[in-house]
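Based on the sequences and whatever the hints tell you, model everything.
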Amino acid sequence: MSQDHDDHHHHDHDHSELSETELRVRALETILTEKGYVEPAALDAIIQAYETKIGPHNGARVVAKAWSDPAFKTALLEDGSKAIGSLGHVSRVGDHLVVVENTPERHNMVVCTLCSCYPWEMLGLPPVWYKAAPYRSRAVKDPRGVLADFGVALPKDIEIRVWDSTAETRFLVLPMRPAGTEGWSEEQLAELVTRDSMIGTGFPKTPGAPS
Amino acid sequence: MNGVHDMGGMDGFGKIEPEPNEPMFHEEWESRVLAMVRAMGAAGAFNIDTSRFYRETLPPHVYLSSSYYKKWFLGLEEMLIDKGYLTREEVAAGHAMQPAKALKHGKFDRANVERVMVRGKFDRPAPAPAKFKIGDRVRARNIHPATHTRLPRYVRGHVGVVELNHGCHVFPDSAAMERGENPQWLYTVVFEGRDLWGEDGDPTLKVSIDAFEPYLEPA
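Chains as they are written, first to last, in numbering that gives the first Met the number 0: chain S, 0 to 210; chain B, 0 to 218.
Treat the hints with care, as some may be off.
[Unchecked claim] Taking lysine-lysine pairs in the DSS-like style, the calculated list, with each CA pair at most 25 Å apart, reads:
(1) Lys-52/S with Lys-155/S
(2) Lys-132/B with Lys-130/S
(3) Lys-132/B with Lys-81/S
(4) Lys-120/B with Lys-81/S
(5) Lys-52/S with Lys-132/B
[To be verified] Some chain B residues flagged as far from chain S (calculated, every beta-carbon gap over 10 Å):
(6) His-4
(7) Pro-151
(8) Thr-187
(9) Glu-198
[What the hints assert, rightly or not] Stretch by stretch, here's where chain B covers chain S in the computed footprint (C-beta under 8 Å, at least three residues):
(10) 24–30
(11) 43–49
(12) 77–85
(13) 113–121
(14) 126–137
(15) 165–179
Since the hints were made in silico from the structure, they are not lab data.
Heads up, the beta-carbon is just placed ideally off N, CA and C, and yes, glycines get one too.
This is the structure we're talking about:
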């Protein structure tokens, strides 16, 4: 990334709104650098870390482990941060991660109506729709309508619980283990766990279905 | 503040449009903005609550028509000017013209990168015993602070039940205004959907928020 950095400043640009923003962003970075507040290579390293270290693969491994290991699942629901912290192979996790379990009686869904709070370490950076007005406005009022936009339908009588992330707690949904996965390894199970299934706007993949 | 950022329950924003195989960043500048916000925050130029407040105070038409990282950029620039880390003249010129202001944690260099990849700690020792216990019925107070708050409008005045106690945390309403951390007890409070949205609301819906103790009164 750092080798690329200088090149960022020498492309030609048209005068679209986007380029205007781009120029302003570069100007700000130049000022912060010249004033000695930041080292551009450190910014490169932050971006690289986001691009390579965090992502839904972290959450998927946690979910697969919970599906496979009842003691871990109990610990995970008791204290998410502590249980995940005990797994050496998953990226470091911040405090106050609350894991909420989907059951045949209750479906959980996570939103941040005020901004964009999201369990980054488990799921990566949030998708645009999670941060945008349609989801933030409707999730707490019409979650079934929201799920319909994702092509997801829940049984009529199941309780739907929406967690609005209004503080520094973070929420991760533990989806139900798909049927037909008896005897599967954690690695195989993790392949079925989608990002949206851990937000509560989707389900895990079905064994054998095209991904 | 009762801003457009407080969107819970608003109508008219249309369908949700998930993007298949969405890239992490749609434009390269978005990643630079993210990195600058993380770096300047870690260097001590501002706390997370102040940065949220600056995005919320963008004019409503700007907030609603700007992309996510554009909002981050506009909030960052304004905040750094307000806090004295740069000047409007420098922004206009695109270069440093004034001496730097000292950062609480010093220059953000590569040695600091690992630190920003894990969220900060927000729990604090309790200054007083908790007023509420799990199972208590509480009303979200009908308050309308003109500055930063994390009590969304759609629950104000409604009665819910305390479900979890998360301990004492930094109080965003104080921290955002740089009036100290003022730690407060934090609870998950769950509301019936129909209490929030009326008889036409989904009868199977429950909604919870995480509420700081000053947001709540006994019910």
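Against chain B, does the stretch 165–179 of chain S show at least 3 residues with beta-carbon separation below 8 Å?
holds (count 5)
Non-interface claim for Glu-198/B versus chain S (Cβ beyond 10 Å):
holds, 14 Å
Is the nearest CB of chain S more than 10 Å from the CB of His-4/B?
violated, 6 Å
Quick one, are Lys-120/B and Lys-81/S close enough, alpha carbons at most 25 Å?
holds, 14 Å
The stretch 43–49 of chain S covered by chain B? Criterion: 3 or more residues, Cβ-Cβ distance below 8 Å.
Holds, because 6 residues of the stretch 43–49 of chain S bring their Cβ atoms closer than 8 Å to Cβ atoms of chain B.
Please verify the coverage claim for the stretch 113–121 of chain S: does it have three or more residues whose C-beta sits within 8 Å of some C-beta in chain B?
That given contact holds, which follows from 5 residues of the stretch 113–121 of chain S lying within Cβ reach (below 8 Å) of chain B.
Whether chain B covers the stretch 24–30 of chain S (at least 3 residues having a Cβ closer than 8 Å to its Cβ atoms)
holds (count 7)
Least C-beta distance from Pro-151/B to chain S larger than 10 Å:
violated, 5 Å
Verify the proposed pairing of Lys-132/B with Lys-130/S, using a straight-line Cα cut of 25 Å.
With Cα atoms ~32 Å apart, Lys-132/B and Lys-130/S exceed 25 Å; violated.
Coverage criterion applied to the stretch 77–85 of chain S (partner chain B; beta-carbon cut 8 Å; 3 residues):
violated (count 0)
Just double-check Thr-187/B for me: nearest Cβ-Cβ distance to chain S has to come out over 10 Å.
Since the minimum Cβ distance to chain S is about 8 Å, Thr-187/B lies within 10 Å and the statement is violated.
Within 8 Å of chain B (C-beta), three or more residues of the stretch 126–137 of chain S
Coverage by chain B holds here, the residue count being 11 at a Cβ distance below 8 Å.
In this structure, the earlier hints numbered 1, 2, 5, 6, 7, 8, 12 are contradicted, and the remaining ones agree with it.
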